[in-house]
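Asks: Letter by letter, the chains look like this.
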Amino acid sequence: MLFRKALLLFGLCLILALGVSLVSAQEPVTLRILTHWGEESFLAGQDALYGSCEAQTGVNVELEAVAFNDLLTKIIANQTAGTNSDIIHAYNLWLPDFARSGLLSTPPQDIIDTISANTSEGVVQGVTSVGQIWGWPTEVNTYLLIYNKRLLEEAGYTEPPTNWDELKEMSAAISQTDDTGAVTQIGYGIITGWDSGVVHPWATLLQSNGGQYLNADETATAYNSPEGLETLQLYADLVESGGTDMSMAAQAEFTNGRVGMMIMANWWRSGLQNAPGVDYETEVGVAPVPVGPSGDETSTMSYNWLWSVTSTSPNQEKAWEFIQCINTPAAEGEGSPMGEYLVNVLGAIPSMTYDQEAFAEDLGDHFLAPFVESVAYALPEPVVAGGQEVKTRLQAEIEAVLQGMQDVASALEFASMEGDAVLQEFAQ
Amino acid sequence: MNNTRALAGRISESAPPRSHLHRQRMIWAYIFVSIPIIGLLVFSLIPILFSGWVSLHEWNMLSPVGEMPWVGLENYIYLLTQDNVFRQALVNTFVFVIGGVASNVVLGLGLALLLNSKLRGQSLWRVLYFLPVVTAPLALGVIFAFIFNRNYGLINSILVGIGIPRQPFLSSPYQALFVIILMAIYQYVGYYIVIFVAGLQGIPQDYYDAASVDGANAWQRFWRITLPLLKPVMLFVVVTNTIGGLQVFDLVFSSTAGGPVNSTQTIVLHMYNTAFKFSRMGRASAMAFILFGIILVITIIQLRVLRDRTERS
Amino acid sequence: MATVERSHGNNLGSMSLTAVKYAVVIFGALVMIAPFLWMMNASLMTSAEIVRQPPVLLSAEPQFQNYPLLLDVLPFPQLYLNSLIITGGTVLGVLFTSSVAGFAFAKYEFPGKNVLFYLILATMMIPFFITLIPVFYIIRQLSWINSFQGIIIPGIFSAYGIFLMRQFIMTIPDELMDAARIDGASEPLIYARIILPLIRPALATLGTFTFIGSWNSFLWPLLVINDRDMMTVPLGLNSLRLFAAEAVNLNLLMAGTVLSVLPTLLIFVFLQRYFIRGIALTGLKG
Numbered sequence: 001m002l003f004r005k006a007l008l009l010f011g012l013c014l015i016l017a018l019g020v021s022l023v024s025a026q027e028p029v030t031l032r033i034l035t036h037w038g039e040e041s042f043l044a045g046q047d048a049l050y051g052s053c054e055a056q057t058g059v060n061v062e063l064e065a066v067a068f069n070d071l072l073t074k075i076i077a078n079q080t081a082g083t084n085s086d087i088i089h090a091y092n093l094w095l096p097d098f099a100r101s102g103l104l105s106t107p108p109q110d111i112i113d114t115i116s117a118n119t120s121e122g123v124v125q126g127v128t129s130v131g132q133i134w135g136w137p138t139e140v141n142t143y144l145l146i147y148n149k150r151l152l153e154e155a156g157y158t159e160p161p162t163n164w165d166e167l168k169e170m171s172a173a174i175s176q177t178d179d180t181g182a183v184t185q186i187g188y189g190i191i192t193g194w195d196s197g198v199v200h201p202w203a204t205l206l207q208s209n210g211g212q213y214l215n216a217d218e219t220a221t222a223y224n225s226p227e228g229l230e231t232l233q234l235y236a237d238l239v240e241s242g243g244t245d246m247s248m249a250a251q252a253e254f255t256n257g258r259v260g261m262m263i264m265a266n267w268w269r270s271g272l273q274n275a276p277g278v279d280y281e282t283e284v285g286v287a288p289v290p291v292g293p294s295g296d297e298t299s300t301m302s303y304n305w306l307w308s309v310t311s312t313s314p315n316q317e318k319a320w321e322f323i324q325c326i327n328t329p330a331a332e333g334e335g336s337p338m339g340e341y342l343v344n345v346l347g348a349i350p351s352m353t354y355d356q357e358a359f360a361e362d363l364g365d366h367f368l369a370p371f372v373e374s375v376a377y378a379l380p381e382p383v384v385a386g387g388q389e390v391k392t393r394l395q396a397e398i399e400a401v402l403q404g405m406q407d408v409a410s411a412l413e414f415a416s417m418e419g420d421a422v423l424q425e426f427a428q
Numbered sequence: 001m002n003n004t005r006a007l008a009g010r011i012s013e014s015a016p017p018r019s020h021l022h023r024q025r026m027i028w029a030y031i032f033v034s035i036p037i038i039g040l041l042v043f044s045l046i047p048i049l050f051s052g053w054v055s056l057h058e059w060n061m062l063s064p065v066g067e068m069p070w071v072g073l074e075n076y077i078y079l080l081t082q083d084n085v086f087r088q089a090l091v092n093t094f095v096f097v098i099g100g101v102a103s104n105v106v107l108g109l110g111l112a113l114l115l116n117s118k119l120r121g122q123s124l125w126r127v128l129y130f131l132p133v134v135t136a137p138l139a140l141g142v143i144f145a146f147i148f149n150r151n152y153g154l155i156n157s158i159l160v161g162i163g164i165p166r167q168p169f170l171s172s173p174y175q176a177l178f179v180i181i182l183m184a185i186y187q188y189v190g191y192y193i194v195i196f197v198a199g200l201q202g203i204p205q206d207y208y209d210a211a212s213v214d215g216a217n218a219w220q221r222f223w224r225i226t227l228p229l230l231k232p233v234m235l236f237v238v239v240t241n242t243i244g245g246l247q248v249f250d251l252v253f254s255s256t257a258g259g260p261v262n263s264t265q266t267i268v269l270h271m272y273n274t275a276f277k278f279s280r281m282g283r284a285s286a287m288a289f290i291l292f293g294i295i296l297v298i299t300i301i302q303l304r305v306l307r308d309r310t311e312r313s
Numbered sequence: 001m002a003t004v005e006r007s008h009g010n011n012l013g014s015m016s017l018t019a020v021k022y023a024v025v026i027f028g029a030l031v032m033i034a035p036f037l038w039m040m041n042a043s044l045m046t047s048a049e050i051v052r053q054p055p056v057l058l059s060a061e062p063q064f065q066n067y068p069l070l071l072d073v074l075p076f077p078q079l080y081l082n083s084l085i086i087t088g089g090t091v092l093g094v095l096f097t098s099s100v101a102g103f104a105f106a107k108y109e110f111p112g113k114n115v116l117f118y119l120i121l122a123t124m125m126i127p128f129f130i131t132l133i134p135v136f137y138i139i140r141q142l143s144w145i146n147s148f149q150g151i152i153i154p155g156i157f158s159a160y161g162i163f164l165m166r167q168f169i170m171t172i173p174d175e176l177m178d179a180a181r182i183d184g185a186s187e188p189l190i191y192a193r194i195i196l197p198l199i200r201p202a203l204a205t206l207g208t209f210t211f212i213g214s215w216n217s218f219l220w221p222l223l224v225i226n227d228r229d230m231m232t233v234p235l236g237l238n239s240l241r242l243f244a245a246e247a248v249n250l251n252l253l254m255a256g257t258v259l260s261v262l263p264t265l266l267i268f269v270f271l272q273r274y275f276i277r278g279i280a281l282t283g284l285k286g
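Protein chains in written order, with the numbering used here: chain A, 1 to 428; chain B, 1 to 313; chain C, 1 to 286.
The reader is advised that the hints may include incorrect statements.
Claimed, not checked - Cβ pair distances, simulated, as ranges:
#, chain 1, residue 1, chain 2, residue 2, range
1, C, Pro68, A, Glu62, 25 to 35 angstroms
2, C, Leu84, A, Glu62, 17 to 27 angstroms
3, B, Ile162, A, Arg100, 51 to 61 angstroms
I should point out that these hints are in silico values taken from the structure, not numbers from a laboratory.
Even for Gly, the Cβ is constructed at its ideal location relative to N, Cα and C.
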């Protein structure tokens with residue numbers, strides 16, 4: 001009796017176990033994706049983006065989205081605890097650290113070939129560290145001169161400046177102060193208090209003046225040069241002439257319609273579309289970065305975001321398969337699902353040339369078109385270990401000059417001394 | 001550990017004498033204590049000891065813990081001799097603490113005396129003064145940026161109205177720190193008012209009555225009765241405010257992020273950036289231990305000074 | 001110091017003194033509530049009105065729809081619920097661990113007592129960032145990532161709370177405990193029946209402070225939680241900010257902040273009577 005019962009129980013268990021294993025065999029692999037597309041408006045389209053390839057590659061996406069400011073902290077914490085997501089969305093400046101620490105897995109060769117064949121040289125460089133491509137480039141950002149057409153016209157200018165003399169003259173002409181001493185608008189806005197916001201625009205001006213941010217093999221800083229001195233002097237001149245004013249928070253005041261011009265990246269587009277004081281369609285203009293006295297042609301700095309697979313992921317193969325799927329167009333001449341998301345939801349520039357072509361019409365928007373064009377000639381921000389620290393130290397010195405606390409020559413000398421020390425330390 | 005012993009000792013003086021110890025009670029005491037002790041051991045002490053170990057290494061938090069290169073005291077030496085931002089952060093933090101503690105003591109006590117002097121609507125006033133304590137630092141940062149804006153802020157409108165030139169406040173490296181101190185006073189004074197009011201209510205009315213009979217005026221009563229009897233509360237306010245102030249982070253992080261030009265950089269903010277922006281956890285941990293030393297020394301000094309004064313009076 | 005209470009003197013003088021006192025208190029209160037009012041007011045404006053120059057005092061037309069709009073963007077009921085679970089758990093946990101330990105430190109003698117107590121106090125002097133990564137590692141070992149207990153449990157051991165409770169319980173006469181012992185009460189029963197009822201004011205005080213801290217905490221929940229359905233109020237508010245921490249839709253951010261502050265404010269309004277007594281009796285008095 002007892003034996004029969006036990007047998008029955010055993011049989012039941014067996015059937016149950018079989019059933020479970022059958023079901024679980026069909027269950028898709030779960031891929032955790034960590035991204036900075038965490039703003040409410042950006043979350044909306046991501047289901048559609050992942051949906052198409054989830055079924056195709058047999059995966060189930062679990063999205064973890066945080067704000068940009070918190071992304072690195074989150075990656076670090078996850079990595080220490082050994083619980084990193086399968087796919088992480090990374091800013092390319094983090095690559096040297098990630099690569100050195102064995103955080104990332106290397107992409108399969110066919111993916112590397114596809115990326116190399118379908119992106120600009122700058123993008124390839126942007127996602128490469130120690131001679132290795134580490135992930136699939138998503139959005140690419142460059143910096144251009146963004147200006148308020150209305151303020152320029154009110155000051156009597158129909159065209160944006162093409163060189164620094166024009167830039168200085170127009171900035172001074174646009175700036176206004178009321179009779180109580182309040183600055184009501186400024187010609188040129190300089191972002192402060194945020195390392196990339198300070199250094200990237202300054203570096204685009206430096207490059208447009210024939211200068212370089214780091215030396216060719218990226219072992220030392222190169223901004224303490226005659227071109228660099230001229231670039232920092234431009235800032236000092238702008239402060240001197242009232243063309244800019246530190247009491248105006250450049251980004252916020254531009255969206256309030258109180259800043260004539262500033263150099264900013266294309267990701268800012270959604271901020272400008274929601275701007276309370278400047279009309280995106282009719283008032284926001286975009287132009288190449290004005291050329292400096294020592295420069296021959298306009299230049300810009302670009303940086304990349306990329307999707308990488310972590311080395312701790314148990315599903316690396318699936319993850320790369322999934323990444324390839326969402327980045328591959330369904331048919332010749334069409335764009336990829338990722339391209340479509342980047343362009344239509346984010347308003348960003350996709351890195352893949354086939355996406356840039358397929359969505360040329362959407363990217364032909366008066367704001368984005370010049371940025372797309374600039375990707376071809378942009379110099380990538382050097383992807384080098386300690387890069388963030390070099391940037392922060394230069395930021396402090398640029399701001400010191402803007403505040404009149406430091407002269408141009410000693411600021412650059414000090415920043416390059418500190419930057420070189422950091423680069424040397426990491427080179428060892 | 002001396003400071004905490006002193007602090008604990010001071011307060012245990014008033015404790016009644018212990019009855020005979022029973023073995024069983026001791027076991028219960030250990031059981032009672034074990035719950036939080038195990039928790040603090042796991043979630044505080046072990047992590048702190050681990051950080052002490054990390055402070056003698058170079059670690060980017062990405063590579064395995066076992067592979068951290070040993071650097072000895074290098075992190076400490078770098079911070080004390082070469083890190084200009086750390087030096088600036090030290091100065092700023094001290095200015096912040098001195099300004100904040102002094103103001104909170106004077107303002108908190110002054111307002112507490114007022115609120116305690118039989119005004120109508122006590123709870124209403126307390127709630128109003130406590131409002132900023134519950135307001136999120138993020139929101140305060142946004143609001144203060146508007147109010148102290150050089151060009152259209154309320155404060156500057158008032159200044160211009162009375163004939164004083166506009167001040168740049170948060171956008172000036174010479175003034176930003178003082179606005180941050182104001183923010184700190186604004187946010188926390190309500191908390192100290194509440195503590196001082198509570199302390200004042202603990203002083204028996206008989207003392208004042210007796211002094212009045214002896215012909216003491218209000219001023220004398222304040223110096224001879226209120227202040228001496230309020231010493232323990234004062235000690236609590238000064239010590240906790242200093243420990244908190246030396247670790248100021250949220251307030252700066254959500255308003256100026258340390259700028260302009262590091263003029264509002266604080267120790268913990270610099271620590272945060274060093275760890276999570278530059279991935280130098282070893283150096284950041286060393287900073288934490290230097291800060292720990294500073295807090296320890298200051299707390300001991302405060303306890304000594306305040307205790308001496310109490311004895312003299 | 002002219003405001004210190006004066007019990008005698010002529011009527012006219014004391015009346016004008018009272019008037020001065022009220023004037024000072026009212027002025028101070030206005031200053032304290034001004035930014036709060038500004039925030040409420042801004043939450044009823046359009047984004048353009050908030051930044052207009054010169055500043056707009058009142059919206060041309062109160063934008064009450066900002067609140068429904070905000071609820072469209074952020075699932076506030078869910079955020080409230082998550083925050084309440086986490087904050088509630090943390091408060092209860094802190095009250096329990098602090099009172100139990102405070103009781104033992106105040107009322108028992110046992111070897112190692114002082115060493116343990118100083119060790120606990122010393123943990124207050126290390127900034128919590130530095131322990132962030134190791135604690136996260138421990139949470140991971142416990143498989144508590146992406147769970148409410150992963151946020152609650154590390155937060156329920158409070159050195160400050162233990163200190164506060166110890167000071168308070170020390171003021172309770174031993175005779176009460178001895179009487180209970182004679183009646184045959186066990187030690188846990190003494191804690192539950194004698195101590196807990198007597199320290200209610202202190203519990204209210206500690207509870208309120210813990211509530212404020214836990215309700216506003218940001219970084220730790222950010223690390224532990226991956227699932228958007230488990231987001232807390234501060235995490236939700238943060239997603240209203242752009243990429244580079246630039247706030248778009250200031251009006252919505254302000255509306256969100258107003259909603260986020262309300263629960264803490266209500267807690268304070270209800271508990272503040274206890275609260276004042278709580279501090280008054282903590283043994284901080286001379």
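Asks: Confirm or reject each hint.
Replies: Here's how the hints hold up against the structure:
Between C/Pro68 and A/Glu62 the C-beta distance comes to about 31 angstroms, which sits within the given range of 25 to 35 angstroms. Judged by the Cβ atoms, the range 17 to 27 angstroms given for C/Leu84 and A/Glu62 holds: they are separated by roughly 25 angstroms. For B/Ile162 and A/Arg100, the hinted distance range of 51 to 61 angstroms is satisfied, since their beta carbons lie about 59 angstroms from each other.
Violated hints: none; the structure is consistent with every hint.
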